[in-house]
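Residue numbers (my numbering), protein chains in the order written: chain Z, 1 to 111; chain G, 1 to 116.
The hints are simulated quantities; they were obtained by calculation from the structure and are not laboratory data.
Just so you know, not all the hints are guaranteed correct.
Unchecked claim - Take a look, some chain Z residues computed to stay more than 12 Å from chain G by CB distance:
(1) Pro8
(2) Ser12
(3) Gly16
(4) Glu17
(5) Asn22
(6) His57
(7) Ser71
(8) Arg80
(9) Ala81
(10) Ala82
Said to hold, decoys possible - Partial pick of chain Z residues on the chain G-facing surface, computed with a CB cut under 7 Å:
(11) Gly42
(12) Thr84
(13) Phe88
(14) Trp101
Unchecked claim - Taking beta-carbon pairs under 8 Å as the criterion, some of the chain Z residues facing chain G (in silico):
(15) His45
(16) Leu48
(17) Tyr97
(18) Gln98
(19) Gly102
Since the model is a prediction, treat every value here as computed from it, not as a measurement.
Glycine is no exception: its CB is placed at the ideal position from the N, C-alpha and C atoms.
The lines below spell out each chain.
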Amino acid sequence: SQQGEEDPQALSIQEGENATMNCSYKTSINNLQWYRQNSGRGLVHLILIRSNEREKHSGRLRVTLDTSKKSSSLLITASRAADTASYFCATGMDSNYQLIWGAGTKLIIKP
Amino acid sequence: DAGVTQSPTHLIKTRGQHVTLRCSPISGHKSVSWYQQVLGQGPQFIFQYYEKEERGRGNFPDRFSARQFPNYSSELNVNALLLGDSALYLCASSLARGQGEDYGYTFGSGTRLTVV
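Based on the provided sequences and hints, a complete structural model is requested.
Below, the structure is given as structure tokens:
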């Protein structure tokens, strides 16, 4: 079963604009991770935020986590054509050796 | 350094057949996890192996099995293939059990299985 739900399912923006994707989840978590997937191939780990953190930055990526609302957002600033991909959130829980994933947001950056 | 390697990259099988997918983790990584990703959905956890023992199993039927070898490579086996088994099968490795969940996984490029 899916834990997270990404919103929107698809997003199309102009190059240079900012892209925001949201993820909601159902149960308590240890951490939340964001991954990128190009053309249905392997997943690339982008950033991980722990349950006791509220915000984290990595380059052009900014992730927030609101555990009271069970939600997270991924912001990509100054988007580039190469950012075109599907983005997934995945949650890790204590004593559980698996990640539970959402269905992903398909991001298209128009040149 | 080589990343996580999976073979084959593509595979077409007929219903009822058996398939074996292979994964070599990053050198030094002892934990391997398998995920199934159906088109348009997020990955679903199948198995995790650590130090050659099964440490976790997802909600998949007994037709799915796996094993890990002394060199930490792994095989995923699926028997009596169904059309619904058509998916991208992803392997992920991490240094130790639980580390992928704590620090993030490195994934292979996957094996695309089509069952006809």
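Hint-by-hint comparison with the structure:
1. Pro8: 14 Å, holds
2. Ser12: 17 Å, holds
3. Gly16: Consistent with the label, Z:Gly16 stays out of reach of chain G, its closest Cβ about 28 Å off (over 12 Å).
4. Glu17: It holds; Z:Glu17 is separated from chain G by about 25 Å at its closest Cβ, greater than 12 Å.
5. Asn22: Since the minimum Cβ distance to chain G is about 15 Å, Z:Asn22 lies beyond 12 Å and the statement holds.
6. His57: Given a closest Cβ separation of 16 Å, the condition holds.
7. Ser71: 16 Å, holds
8. Arg80: Z:Arg80 is indeed farther than 12 Å from all Cβ atoms of chain G, at 22 Å.
9. Ala81: Z:Ala81 clear of chain G: closest Cβ-Cβ about 21 Å, beyond 12 Å.
10. Ala82: Holds: least Cβ distance 18 Å, greater than 12 Å.
11. Gly42: Since the shortest Cβ distance to chain G is 4 Å, the answer is holds.
12. Thr84: 17 Å, violated
13. Phe88: 5 Å, holds
14. Trp101: Since chain G brings a Cβ to about 3 Å from Z:Trp101, closer than 7 Å, the hint holds.
15. His45: Hint holds; Z:His45 Cβ to chain G Cβ min 4 Å, cut 8 Å.
16. Leu48: 5 Å, holds
17. Tyr97: 4 Å, holds
18. Gln98: 4 Å, holds
19. Gly102: 5 Å, holds
Checked against the numbered hints listed earlier, the structure breaks hint 12 alone; every other hint is satisfied.
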